[in-house]
Amino acid sequence: MGIFYRRLPRFDYVVPKTLDEVLKALNKHKGAYRLLAGGTDLIPQLKKREIKEPEYVIDLKGISGLDTISYDGNGLKIGPLATITSIAQSPAVQEHYPILAQAALSMASPQVRNRGTFAGNICNAVPSADSIPSLITLSASVKIRSARKERIVPLEQFFIGPRITALKANEMVVEITVPQQRETSRGVYLKLSPRHSMDLAIVGVAVTGTCENGICKDIRIALGAVAPTPVRAPTAEAVLQGRQITSALVDEAARNAVTQCSPIDDHRASREYRCDMIYVLTRRALNQILLS
Amino acid sequence: MKEIMLNVNGNEHTLQVKPWATLLDVIREDIGLTGAKEGCGEGECGACTVIMDGVAVNACLILAVEANGKHITTIEGLADGEKLHPIQQAFVDIGGLQCGFCTPGMILSAKILLDKNQDPTDEEIRKGLEGNFCRCTGYTKIIQSIKAAAQMLKEGR
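Going down the list, the sequences are from chains A and B. For the first sequence, the numbering used here gives the first residue as 157, with consecutive numbering after it. For the second sequence, the numbering used here gives the first residue as 2, with consecutive numbering after it.
There could be a bad hint or two in this list.
[Claimed, not checked] Some residues of chain B that are not near chain A, with every Cβ distance over 10 Å (derived): (1) E13; (2) H14; (3) L34; (4) G36; (5) V66; (6) P121; (7) E131; (8) Q152; (9) L154.
[Stated by the list, open to error] Taking lysine-lysine and the BS3-like style, the derived pairs with C-alpha atoms no more than 25 Å apart in a straight line are: (10) B:K84 to A:K173; (11) B:K3 to A:K208; (12) A:K217 to A:K305; (13) A:K184 to A:K173; (14) B:K148 to B:K84; (15) A:K203 to B:K71; (16) B:K71 to A:K173; (17) B:K148 to A:K184; (18) A:K324 to A:K180; (19) B:K148 to A:K217; (20) A:K186 to B:K148; (21) A:K217 to B:K155; (22) A:K203 to B:K19; (23) A:K173 to B:K3.
Simulated from the structure, these hints should not be mistaken for lab results. Think of the CB as a built atom: it goes at the ideal place given N, C-alpha and C, for glycine as much as any other residue.
Okay, chain A solo, but in the shape it has when bound:
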């Protein structure tokens, strides 16, 4: 563990009024800045001197319209400043993507959720980030913009390693896009942590799927905290896809999911325990979505 300084390092603070100003600043300052949304990850990282001390902290909250959550027939759009609380409380999220509301409420505390954002959780890119597995099972993507161009990256491909993303120094995430799901689709996020609140996941399992007349029409499984990045478990999905669902098949898929992971051994949990719990939680999630 590094030293924890109670005081922040010195930096200059700017609050641009438009996205264009931010994107221009990113080009100009080339990595000597940090973007500030909720700050619930950034401020502790700066106090711990975990990240390079920035010359500039660019606060995004001066730009209006970045905190919106909108839903239409094509899906859900989450602005980069939408707080975790606002996502959990959004009627559209609760009705069409309850798994996201569930994941949101599993995070931290009311105080942190009132400030922190999903975009920040994603860009911070820790393997245990609670918003990510659920978003991956919903086939979410991120819209990324630089001063010159815009690109869309499927969330599954956004993570390169622990705290490393596909984002370049002159880019920022401007939207999280979640496509429309099937009418009968259901999802669940199960988080295992020693404490019920204010704790990181030892294992996080998200499952989104559809089961019609006992046949698995569609299934996506994503796992958090069990590999250098959140991962999808495609071979476990293949066990179930298009098949008549039985408990034996669910068990086989859950065992398969364990083979998709490479968990660390640390003070939170041993590698062996994490592997056992991937099996248990995946089976439990699949049972809830496909068999109940």
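Given chain A, work out where chain B should sit, using these hints.
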């Protein structure tokens, strides 16, 4: 230095602050209200909880400059002169505190909870206080205090 305006407990303050000063630093050291405490300094313990524009936040995780123009309520803003707020009174009556370090944050989180839910269950209280740590009481007396406060508020005391 940056100039900011804060409305704290109904009083307007115009302040010159360093960009790297937290809201907690400014409330405690510039404004002189020491009710909000610095515990962990990283958003785990909730001792620094204040209410900003109607929601509970960790003042240790917010830059003072980010709070420019906001309305803030600290524990000092709850009592009506000498008369304690019902939640404060309930904590005193029931003994919902021992060392008292977590109490300002606990009471503000409880206020947010009771503003939304007049009759919370034990489980709802625990969930509402999930961002506030107490290392003394074991929480039982805190939960009893909040239940008593809910009763007092309903009776309009």
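For each hint, the structure was consulted:
1. E13: holds (21 Å)
2. H14: holds (19 Å)
3. L34: holds (18 Å)
4. G36: holds (16 Å)
5. V66: violated (5 Å)
6. P121: Nearest chain A Cβ is 13 Å from P121 (chain B), so the label holds.
7. E131: E131 (chain B) not clear of chain A: closest Cβ-Cβ about 3 Å, inside 10 Å.
8. Q152: Holds: least Cβ distance 23 Å, greater than 10 Å.
9. L154: Label holds. Min Cβ-Cβ 19 Å, cutoff 10 Å.
10. B:K84 to A:K173: Violated, at about 44 Å.
11. B:K3 to A:K208: Holds, because 23 Å separates the two Cα atoms, which is no more than 25 Å.
12. A:K217 to A:K305: holds (22 Å)
13. A:K184 to A:K173: holds (17 Å)
14. B:K148 to B:K84: At roughly 20 Å apart (the allowed maximum being 25 Å), K84 (chain B) and K148 (chain B) satisfy the hint.
15. A:K203 to B:K71: Between K203 (chain A) and K71 (chain B) the Cα gap is close to 24 Å, so the pair holds against 25 Å.
16. B:K71 to A:K173: holds (18 Å)
17. B:K148 to A:K184: violated (55 Å)
18. A:K324 to A:K180: Given that 25 Å is the threshold and the Cα spacing comes to 14 Å, the pair holds.
19. B:K148 to A:K217: At roughly 37 Å apart (the allowed maximum being 25 Å), K217 (chain A) and K148 (chain B) break the hint.
20. A:K186 to B:K148: Violated, at about 53 Å.
21. A:K217 to B:K155: violated (38 Å)
22. A:K203 to B:K19: At roughly 15 Å apart (the allowed maximum being 25 Å), K19 (chain B) and K203 (chain A) satisfy the hint.
23. A:K173 to B:K3: Roughly 17 Å separates the two Cα atoms, so the pair holds.
In this structure, the hints that do not hold are numbers 5, 7, 10, 17, 19, 20 and 21, in rising order.
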